[in-house]
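**Q** Spelled out, the chains give:
Number of protein chains: 2
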Amino acid sequence: MTSQVSDRSHGDRAADEPRWLDAEEQKAWRAWLYSTQLLQDRLDRELTHQTGISHAYYEILVALSETPGRMMRMSELADRCLSSRSRLSHAVSRLEERGWVRRQVCAEDGRGQLAVLTDEGFAALEAAAPVHVESVRTHLFDQLSPAQVAAMRDIGETLLRHLDPSS
Amino acid sequence: MTSQVSDRSHGDRAADEPRWLDAEEQKAWRAWLYSTQLLQDRLDRELTHQTGISHAYYEILVALSETPGRMMRMSELADRCLSSRSRLSHAVSRLEERGWVRRQVCAEDGRGQLAVLTDEGFAALEAAAPVHVESVRTHLFDQLSPAQVAAMRDIGETLLRHLDPSS
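Top to bottom, those sequences are chains A and B. No gaps in the numbering here: position 77 of the first sequence is 77 in our numbering, and each next residue is one more. No gaps in the numbering here: position 145 of the second sequence is 145 in our numbering, and each next residue is one more.
Derived by calculation from the structure, the hints in this document are not laboratory data. All values reported here derive from a predicted model rather than from experimental measurement. Note that CB positions come from ideal geometry on N, CA and C, so glycine has one too. No false leads were mixed into what you were given.
Derived list of chain A stretches under chain B, where covered just means 3 residues or more per stretch with a C-beta under 8 Å from a C-beta of chain B:
| id | segment |
| --- | --- |
| 1 | 21–29 |
| 2 | 35–47 |
| 3 | 120–134 |
| 4 | 143–156 |
Example chain A residues on the side facing chain B (calculated, C-beta under 10 Å, incomplete):
| id | residue |
| --- | --- |
| 5 | Trp-32 |
| 6 | Glu-59 |
| 7 | Leu-82 |
| 8 | Leu-159 |
| 9 | Leu-160 |
| 10 | Arg-161 |
| 11 | His-162 |
| 12 | Leu-163 |
| 13 | Ser-167 |
This is chain A alone, in the form it adopts within the complex:
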């Protein structure tokens, strides 16, 4: 949970020494990391428990639902969901078994595969969405002031400009 070994000395850093976190940065980093992990864990558990859909699968359905024709190249879908190709392929196979997604060859160029959200998949997403949004409200927005929500967005967008310049 931390970025440095606890009994390491902090004083008199030479030019080539690591830029250790100071006590304030350490507290900010731990609070962010731990709250983030707990929140993701809670949202995933509530969604899975109440709908049988993990948060990772939910994000795949959402990504497809927002595209024209409710379809996307497998490679783009993997990027969008920050998933490896093999992990996404496994997830899409599970979603195919439920009848929520089907694969088809890309008509545009005959190469590559598309993942297509079925009507059943869209209905499953519609049924799960109220459960998920209630969790997000309860564990995130109900806890924060409007100023904190604005700061959360500002921090998120600042980090995105660095981590995903194309966004």
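Add chain B to chain A, keeping to what the hints say.
**A** Same frame as chain A, now just chain B:
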């Protein structure tokens, strides 16, 4: 990535209707979720690439390094690392193979197992820490103003009081 289906209507919510996110909340939630996922992914990839230690394994080593005697009950370690018992047991087995952790029966009550960080494990953590802290600096602290760091800590601590009241 979102909490609602994209073409759902937002108007005239009845008392039992889901508390959908408005456009501003939606933007804040997406920025937070996506930046968080990208940051965790980047930190994990850099650490794994440069040290052969995943972020999840790194956190286990850190947790052990911070306890008296560098040891912890397996059950506590699982809680601390937000891991299921079976997933943690698997990870500890991998760390045992590297000689970084060993298991021993809890001397206090003869029941339960302790995970103990070995000197080799502590040395591996010491070697990995500068790599990890440089990633955290580069992708998080170097991107944020002091006011944003303070807000990040405030938001994290606010969420922790709700998600982990014992903290």
